[in-house]
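Make a model of the complete structure from these sequences and hints.
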Amino acid sequence: MAMTQREPPSPTPSPAAPVGPNKHTRVRSLRGWAGSALVVAAVIGAWQGVVALFDIPAWKLPAPSAIGAELVASRALFLRHAWVTLQEVLLGFGVALALGVILAGLIASFPTFQRAVYPFVIASQTVPIIVIAPLLLIWVGYGLAPKIIVVALIAFFPIVVNTVDGLRGVDADMVNMMRTLGASRRQVFVKVQIPTALPFLFSGVKVAITFSVIGAVIGEWVGASAGLGYLTRVSVPLFLTARSFGAVVILSAMGVSLFLAVALLERLLLPWYHTERRQRALERS
Amino acid sequence: MGYVVEPQTHTQPMLRVAGISKDFVSGGQVLSVLNDVDFEAGRGEFVSIIGPSGCGKSTLLNIIAGLDDPSQGSVEIDGSGLHRLGRVAYMHQKDLLLPWRTVLDNAILGLEVQGVPRSRARERALALTERFGLKGFEHAYPFSLSGGMRQRVAFLRTILSERDVILLDEPFGALDALTRGHMQEWLLDLWSSFGKTIVLVTHDVDEAVFVSDRIYVFTARPGRVKTVVPVTLPRPRGYEMVTQAPFIALKAELLASLREESVRAQDAPWQ
Ligand SMILES: Nc1ncnc2c1ncn2[C@@H]1O[C@H](COP(=O)(O)OP(=O)(O)OP(=O)(O)O)[C@@H](O)[C@H]1O
Ligand SMILES: [Mg+2]
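Which chain is which? The protein sequence lines are A and B, in order. For the first sequence, the numbering used here gives the first residue as 1, with consecutive numbering after it. For the second sequence, the numbering used here gives the first residue as 286, with consecutive numbering after it.
For the record, the hints were derived by calculation from the structure and aren't laboratory data. Be aware that one or more of the hints could be misleading.
Computed footprint of chain B on chain A; a stretch qualifies when at least three of its residues, placed anywhere within it, have a C-beta under 8 angstroms from a C-beta of chain B [unchecked claim]:
| # | region |
| --- | --- |
| 1 | 175 to 182 |
| 2 | 186 to 197 |
| 3 | 269 to 276 |
Using N, Cα and C, we set each Cβ at its ideal position, and we do this for glycine too.
Here it is in structure tokens:
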């Protein structure tokens, strides 16, 4: 067929411009960071000033400098306990993630499963964890296991709820498009439902990882012989207030770092999601 | 030249819709959308459907594609009435690109579903990106593309699914007039070299006349075939034809027919 090939029309933007954060947004986010650093510095400064001004004894309220000194002086101790807590957090979170994703997949795929199980998932969150934690000591003993269970119990809920919403939020037209291409139910699930749910899963994971740190501390408060939560509990009666504060500082640093790690992972795994969202935000502004 | 289209002489049509009716029941109310529709498209034929909004055009395509079943009547694709899903290519008005896939990976979706290895499928898509005006954008994500380009990715996905029949539901509805004109010429070009049977649903009379071998005009809801208008304009067609007498005469005939229907629809909005 001797067809003259017509050039396809292309009213196009410049070829595949790598869509990264532009200068504008980078400057804005830098300004944001500088702002929060300033606030933190102001709070610490005021705290230090108040403690010095009113001559507050260190066992009542240690100055930031005293907490810093304690963190340096007892770094081996802090490190040992932080490692225990980190293990509890990561193991418990891992269990929650595996359990949460499997449960969400079943709930979203099988209506009967949803009716049978979803109410219990929700009910599990209405029982105060502080009541269950001591019972766990009786049931599974004193070691790592009860802490992992407490962490998992707290962390699996946001993962399940978000992932179910994501799996269900799939565009019906997209599913039909896949069906006309001849896709099986399984192929639709893998190629459309799962990718649709991933951003939702990540939102759940961000909440869950932060909850996990709290869960580990609760588990340690109820009964433990190591961990940062344990350290805060035993330090206060001994008037080692700076040590207690030091443990809290490390706990929040742990929570923030884990959160940032998840956010970073999300950016790496879902590059399309962030650029799309940013573009939409830019269009709105 | 590749314009071997003789709609009147085909022995077995590629696509045959016989006596189709469709009622939707919602909340105890029955809405009759299609009423005894007969429709045919020959091998390699380009057929368009025009009709007032809501007359059941998309419903008909859904039924042909196998996404829905008729209340009455039958659909035969290439002589077989069984299992339609996956046997015709269907392009929705929305491009329905998967935002997490690059241009190339969106295009190969149909091949991938059929079990063709990704690397082989990508090669085949790459061979066509130039033709589809997507060169240089193979690894871009859909959000960075213009509307026309997104539509062409959807086209590439449709073509690559390698069906003999292609259903197009207002594929250019969302584009501006100029892009639209270009895309119509481009589609004709594509059709003549791929030799597929195309069924195009459109609101645009110019578009229907410009591309089609035959045009089905539907009545207002419940939709049925009002007339079938053969388009005898020579091929290949170029945009200069649009202002010439034969084109304008056909267009006038179609517009009059459509006008009647939209007036009827307004007179009886409760139907
Ligand atoms: N699943 C459904 N359930 C109930 N009613 C439906 C359903 N799908 C379509 N309809 C109704 O059927 C009628 C025809 O819809 P359809 O989308 O086929 O029209 P159309 O000819 O494609 O219109 P348009 O030109 O506006 O796209 C409409 O009144 C619509 O509300
Ligand atoms: Mg429609």
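Exercise for review: Tell me, in ascending order, the numbers of any earlier hints that this structure violates.
Suggested key: Violated hints: none; all satisfied.
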